[in-house]
Amino acid sequence: MTDASSRLAETSAAAATGARPVLLETLNLKKYFPIMGGLLRHQVGSVYAVDDVSLQIYKGETFGLVGESGCGKTTFGRTILRLEKATGGSVSMDGQDVLALHGDALKRMRRRMQVIFQDPYGSLNPRMPISDIIGEGLLAQGDKANGWRKRSIRDQRVGDYLEAVGLRRDYSRRYPHEFSGGQRQRIGIARALALGPEFVVCDEPVSALDVSIQSQILNLLSDLRAEFNLTYLFIAHNLSVVQYFCERIGVMYLGKIVEVAATDVLYATPQHPYSVALLSAIPVPDPRVRTKRLVLKGDVPSPANPPSGCRFHTRCWLRERLGNPAECSTTEPPLRELAGGHLAACHFAEQVTAQAVQEAAATQSVIETAVDVD
Amino acid sequence: MTAISPAGGADPGATVPDRPLLDVRGLRTYFHVMDGTVKAVDGVDFSIPPGGTVGLVGESGCGKSVTAHSIMRLIDIPPGEIAGGEIWFDGRDLLKLSDSEMRHVRGGEIAMVFQEPMTSLNPVFTIGDQISEAILLHNDVNKKEAAERAIESLKAVGVSAPERRVKQYPHELSGGMRQRAMIAMALSCNPKLVIADEPTTALDVTIQAQILELIKALQARTGTALLLITHDLAVVAETVQTIAVMYAGRIVEAGTVDQVLLAPQHPYTQGLLNSIPGVKKRGRALSVIKGVVPNPFRLPPGCKFQPRCPYAWEACSASEPELLPAPNGAKSRCYLHSPEGAGRREAFEKSVAATMESVGG
Ligand SMILES: Nc1ncnc2c1ncn2[C@@H]1O[C@H](COP(=O)(O)OP(=O)(O)OP(=O)(O)O)[C@@H](O)[C@H]1O
Ligand SMILES: Nc1ncnc2c1ncn2[C@@H]1O[C@H](COP(=O)(O)OP(=O)(O)OP(=O)(O)O)[C@@H](O)[C@H]1O
Ligand code: SF4
Ligand code: SF4
Ligand SMILES: [Mg+2]
Ligand SMILES: [Mg+2]
Numbered sequence: 001m002t003d004a005s006s007r008l009a010e011t012s013a014a015a016a017t018g019a020r021p022v023l024l025e026t027l028n029l030k031k032y033f034p035i036m037g038g039l040l041r042h043q044v045g046s047v048y049a050v051d052d053v054s055l056q057i058y059k060g061e062t063f064g065l066v067g068e069s070g071c072g073k074t075t076f077g078r079t080i081l082r083l084e085k086a087t088g089g090s091v092s093m094d095g096q097d098v099l100a101l102h103g104d105a106l107k108r109m110r111r112r113m114q115v116i117f118q119d120p121y122g123s124l125n126p127r128m129p130i131s132d133i134i135g136e137g138l139l140a141q142g143d144k145a146n147g148w149r150k151r152s153i154r155d156q157r158v159g160d161y162l163e164a165v166g167l168r169r170d171y172s173r174r175y176p177h178e179f180s181g182g183q184r185q186r187i188g189i190a191r192a193l194a195l196g197p198e199f200v201v202c203d204e205p206v207s208a209l210d211v212s213i214q215s216q217i218l219n220l221l222s223d224l225r226a227e228f229n230l231t232y233l234f235i236a237h238n239l240s241v242v243q244y245f246c247e248r249i250g251v252m253y254l255g256k257i258v259e260v261a262a263t264d265v266l267y268a269t270p271q272h273p274y275s276v277a278l279l280s281a282i283p284v285p286d287p288r289v290r291t292k293r294l295v296l297k298g299d300v301p302s303p304a305n306p307p308s309g310c311r312f313h314t315r316c317w318l319r320e321r322l323g324n325p326a327e328c329s330t331t332e333p334p335l336r337e338l339a340g341g342h343l344a345a346c347h348f349a350e351q352v353t354a355q356a357v358q359e360a361a362a363t364q365s366v367i368e369t370a371v372d373v374d
Numbered sequence: 001m002t003a004i005s006p007a008g009g010a011d012p013g014a015t016v017p018d019r020p021l022l023d024v025r026g027l028r029t030y031f032h033v034m035d036g037t038v039k040a041v042d043g044v045d046f047s048i049p050p051g052g053t054v055g056l057v058g059e060s061g062c063g064k065s066v067t068a069h070s071i072m073r074l075i076d077i078p079p080g081e082i083a084g085g086e087i088w089f090d091g092r093d094l095l096k097l098s099d100s101e102m103r104h105v106r107g108g109e110i111a112m113v114f115q116e117p118m119t120s121l122n123p124v125f126t127i128g129d130q131i132s133e134a135i136l137l138h139n140d141v142n143k144k145e146a147a148e149r150a151i152e153s154l155k156a157v158g159v160s161a162p163e164r165r166v167k168q169y170p171h172e173l174s175g176g177m178r179q180r181a182m183i184a185m186a187l188s189c190n191p192k193l194v195i196a197d198e199p200t201t202a203l204d205v206t207i208q209a210q211i212l213e214l215i216k217a218l219q220a221r222t223g224t225a226l227l228l229i230t231h232d233l234a235v236v237a238e239t240v241q242t243i244a245v246m247y248a249g250r251i252v253e254a255g256t257v258d259q260v261l262l263a264p265q266h267p268y269t270q271g272l273l274n275s276i277p278g279v280k281k282r283g284r285a286l287s288v289i290k291g292v293v294p295n296p297f298r299l300p301p302g303c304k305f306q307p308r309c310p311y312a313w314e315a316c317s318a319s320e321p322e323l324l325p326a327p328n329g330a331k332s333r334c335y336l337h338s339p340e341g342a343g344r345r346e347a348f349e350k351s352v353a354a355t356m357e358s359v360g361g
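One line per chain: the protein sequences are A and V, in this order.
Going left to right, the first sequence walks through residues 1 to 374 as this note's numbering numbers them.
Going left to right, the second sequence walks through residues 1 to 361 as this note's numbering numbers them.
There may be inaccurate statements among the hints.
[Said to hold, decoys possible] Taking lysine-lysine and the DSSO-like style, the derived pairs with C-alpha atoms no more than 30 angstroms apart in a straight line are:
1. K281/V to K59/A
2. K280/V to K292/A
3. K143/V to K167/V
4. K292/A to K155/V
5. K216/V to K292/A
Honestly, the hints are just simulated from the structure, not real lab data.
Computed from a predicted structure; not experimentally measured.
Just need the whole structure built from these sequences, with the hints factored in.
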């Protein structure tokens, strides 16, 4: 841990000299889940859910984290918030080593970091009135200074935050089943914000909602960000939502960050072959836009048994184009800076050009894309 | 619309030119539940020509799946009731067929692909057995031939090592593979119509792209008609020729993909297009459709969109509009396209032009 802390100090110092202050930073963050098996239920393997992720999130920004199901987005968010115990690496918030905190210091830190969950149905206790759902966290965080242990003060605050998310104060007496999906998501947001956090992990906050409600919630989240000076880690698999909502984006594949860039840069000139395919997969509502898609082969491999070298090599169109160079399957590509603030983890990122993408799309076989990757 | 006389079903293989393959007219499907009657589908009309592709879109609960299940006669009666309408398919009204006749249509002439393949594949039978069984039921072949055709059909949807896959159980396949197996099963009897109900909603975006490209390629190759159901306007934009937009159990707009998505003629469609987040809208608030989807037990009088519609006037709550022809050739269930609405149309068209300006990337 000392090693990590000294590096933390170093990078925070470096960040301090940079243009934008870093609020949250992870260094080589790892979260492995044990796979138990056999008669004696001993560990037979690991799910490498988050594997060596180093990221910086600037104060006040909305950082998008995208990638396919199971790539580790939620686990990354949960590990930062200490809802999962990290296997290795470090997390710092405002220069403080989050993973080393305990007792009162940890309790104070928890207030500053909150989460909004994807599922507006499953994340609210059906047997509790809204006042208790939102008040619970306040009670736990209550002290002399904020007075949250007192019911009247708590109720006042619950009402304030219900109003902040566009609900009526007197809804606090109702139960979750009395609300629609969009309203429940607002309650989840009120619960997270009532504690006055600085950093909020939004884990697919609109994925379960219809488009017309989705736009209401996105507007709400961006108003609240301005009002309360929030920094968001916005996890989503809907790439149109992320493009609209986030300033910078990290692309994840099998537990690793494979690309980081400003949103416009990423969408205009993705440099990692996986990002290219991911962006090419987005359906667009404009029938005039009919570019040929680059369709990826096969499924995402299991994070319990990730491919050697570059984890994307089993599905990589660029590798195929380059005649399957050995590095791809033997050497893990580091996340390296290609241009100011644009990072990608591919040995051959420079070869990802618009022409290469077009040619690869033109020569693919749409039907024979279901290859075995495991 | 003139009545089309049923062909009597003498030769179901013969398709009369110009006659739609599927013609749904005035379909009403209700559910009688404790709190009252849910009019899930209340007067739906649309048709699909042989080999045509139609997208049925709309938000959760608007009646898309109930429409599909009504066509397939999969509605549980009770609590459901087909309260009215006709479903003409290849010269017969499906609503008048006996259960055994319908069994031959279902899975044979009309096949269905569901959102979550796990619920529609039987977990205790192998993939091969399930496809073979469908083939045996609808074709005059023996078991061995059916097994061979099952392998071929898996190969046709790009499943690698199909000889091995046929021996596997659904849970042994990934989501994308299972959806391919469902499509293989649907196509194994050369149906005239495939109904795909949210076939990619449960899948990841790269797998969704694989499956959509696959559906398009197979549709073009086999010439099957396709009814694609989804809440995602972008998905239909790429996959079908014509679109029907549903709201509160009705079709509110119908036309070609270009008509509906480039020049929407119904305020609800405009609202949907407006709320899609896109790059051009960054830094600006998304426009929202005010209010919520109406409670199915308390539908508003007149136009069902009227409480949420920015253009509504008295006429809209007095009675419900029909599907009226719009100037661009599409149809829209909106009084803006009636003679009384003429004076208000300009404002609507201006606002649509602004919407279209902000959509797309
Ligand atoms: N408690 C757990 N025990 C074992 N494995 C887990 C646990 N939680 C997550 N995993 C595994 O870790 C990997 C990453 O999961 P995670 O939920 O972080 O993915 P995700 O990117 O959020 O996916 P989604 O888009 O589906 O939400 C997956 O393979 C998942 O099965
Ligand atoms: N068996 C049933 N009993 C009572 N109501 C039903 C039943 N099936 C459907 N409904 C109601 O009919 C309406 C239409 O449902 P339907 O499943 O067709 O919606 P949908 O458009 O497919 O929505 P989604 O996008 O969520 O799948 C809903 O209000 C639903 O609650
Ligand atoms: S390192 Fe090789 S396999 Fe990995 S993304 Fe780059 S080209 Fe593809
Ligand atoms: S009929 Fe009236 S309320 Fe209904 S969509 Fe048209 S303008 Fe709006
Ligand atoms: Mg997740
Ligand atoms: Mg449905």
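ask   = When the hints from earlier in the document are held up against this structure, which numbers fail?
value = Structure breaks no hint.
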